[in-house]
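Trainee: Here's the letter readout for the chains.
2 protein chains.
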Amino acid sequence: MASLKVLNHPPSPSEDAEQLHKAFSGWGTNEQMIIDILAYRSAAQRNSIRKAYKEAYGEDLLKSLEKELTSDFERIVLLFTLDPAERDACLASQSTKKSSSSNWIFMEIACTRSASALLELKRYYHSRYKKSLEEDIAHHTTGDYRKVPTRAFFSPAFLLFPLVSTFRYEGEEVDMSLAKSEAKILNEKIKDKQYNDEEVIRIISTRSKAQLNATFNHYNSSFGNAITKDLKADPGDEFLKLLRATVKCLTTPEQYYEKVLRLAINKMGSDEKALTRVVATRAEVDMVRIKEAYQKRNSVSLEQAIAGDTSGDFKRMLLALLGAGDI
Amino acid sequence: MASLKVLNHPPSPSEDAEQLHKAFSGWGTNEQMIIDILAYRSAAQRNSIRKAYKEAYGEDLLKSLEKELTSDFERIVLLFTLDPAERDACLASQSTKKSSSSNWIFMEIACTRSASALLELKRYYHSRYKKSLEEDIAHHTTGDYRKVPTRAFFSPAFLLFPLVSTFRYEGEEVDMSLAKSEAKILNEKIKDKQYNDEEVIRIISTRSKAQLNATFNHYNSSFGNAITKDLKADPGDEFLKLLRATVKCLTTPEQYYEKVLRLAINKMGSDEKALTRVVATRAEVDMVRIKEAYQKRNSVSLEQAIAGDTSGDFKRMLLALLGAGDI
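Sequence lines, in order, name chains A and B. Residue 1 is where the first sequence starts when you use the numbering used here, and the numbers rise one by one after that. Residue 1001 is where the second sequence starts when you use the numbering used here, and the numbers rise one by one after that.
Next up, chain A with everything else stripped away, as it sits in the complex (with noise of 0.2 Å):
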């Protein structure tokens, strides 16, 4: 459930694209305003009101942006206004410029988008990269741990490329035995520590997420443990932590992203990038669940820990895209 207010009945992109242009005009910029319209519209209305400014006024409303805000408010108004493949790719492709760190993007991306979305963003990813992101992906999670051999921990690229590639499987249909089957290998690999083995990255890459929530429910009544539990083993291997949070992702994304946005809120100055992150791409999406999963843990609700945390439009801005623009 989405927790981005969309009025029932807004304005006309062109009258949207002209107040824009308005909060842009004479001295100041009116951020009030922009995120009044912005974090209040659909991802189609928001499509609606580029389209109409840039017939309105020749220019991208997102270099607009870019020229009148600055500084954290500019990523958030700027990540959250574009379309959600064109966002998916951004992110991706910013992420194969930087650390290994980013490979947690990758694989946020792989798992909580829908498989049509993934395809949108691949799609848009070609006619802007003019190359695919499954290569850019590989060359990077590959070219990462070339330049350190030594450590022992696995590349991400075996886990990364194929959860990116697969077009999973969305149904609901449920192989019993099969989850039964492949509980036992998951343990098995588990237990002598064959976190890479080709059979885990096979049966967590591609199977169905209804299939492998099955899996997993077979995996801790018959082991005695959650899989995630057990995936907890070796708290310095970076492997293991990517793939257990891979499970996470895949079976309870609101608890994922409720611990995303704790460490952020949590860490000393706090981590805009990954507060805007999650805030800009699961407003339209789960939102809901994320606060709730939030409350829950922390007794305190997302919103107030965020008010708390960040300031000015920033903070008003993630606070609107929260559904609680008048806290």
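Each hint should be verified, as a subset may be incorrect.
Derived pair list, reagent style BS3-like, types lysine-lysine, alpha-carbon separation capped at 30 Å [claimed, not checked]: (1) A/Lys-130 with B/Lys-1180; (2) A/Lys-189 with B/Lys-1130; (3) A/Lys-98 with B/Lys-1209; (4) A/Lys-130 with B/Lys-1209; (5) B/Lys-1189 with A/Lys-97; (6) A/Lys-273 with A/Lys-229; (7) A/Lys-98 with B/Lys-1184; (8) B/Lys-1184 with A/Lys-97.
In short, the hints are calculated from the structure, not lab data.
For this one, chain A is given, so just place chain B on it according to the hints.
Mentor: Frame of chain A, contents of chain B only:
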């Protein structure tokens, strides 16, 4: 270029459906009429005929054909009549139930279909089999080698999974410095017989065909041999054979198919399944080029070779699809 000869002004789909229904009626089946209709219609036209047939007679045309026809003729008529995505999904699904020789069919499909055709196959696979192509291929190819752990060969899953799952970029842009650096990587790994190195697999399974062509050209001019020649090192290594065929399939599919046809025809008793698969899947795509490659390599036309090696309705259907119904 397609060898299929489609009529400029074919009868309406319902007229065709009626003629087919007549061909099935009475004493015996009129095979020639079936050929005269189905082997001269495009995929879109065949789909329309199926719809019209279903509406008029309440049965899928494919079901009726199955009842009326037998043996090799049945197989090629059914396979050709199917919509390309459906046909590829059938071929792939049958291959997941067979021995390791079927790995070649996965490779062939992954390398010679366009990104969008491969996607259509995957969509159809979801709707028909209630699971993903990727999970079946990963399960099949991993399982295959699980059973023979003593063999030193590499698992085909390493190669086939990324080949099938990548949504490959199809533009003509080439990065020449990347082509140079990746040609060097390939040469180093091949010299060390590291055929399943993740860099080798990454390059071959994710780069665009235009980019790969530049890389292989650079390989040839810098290291003295075509990459396909260097991949001939160990004739007993099945993984290496598959890798070599993959390179051929990605860059010169007509030469790959020429060889499949040559082996199928020269085989004692000939390999009707391979003949059927190649003719049914390529007649509407690039059969003219394959015929040219065949003539060049064998100094005899493909039509003559097939005519000398097959007989009856099967032969007539093959020749019709090759555009040589009157040989």
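Trainee: Return the numbers of the hints above that this structure violates; sort them in rising order.
Mentor: As far as the earlier hints go, not one is violated by this structure.
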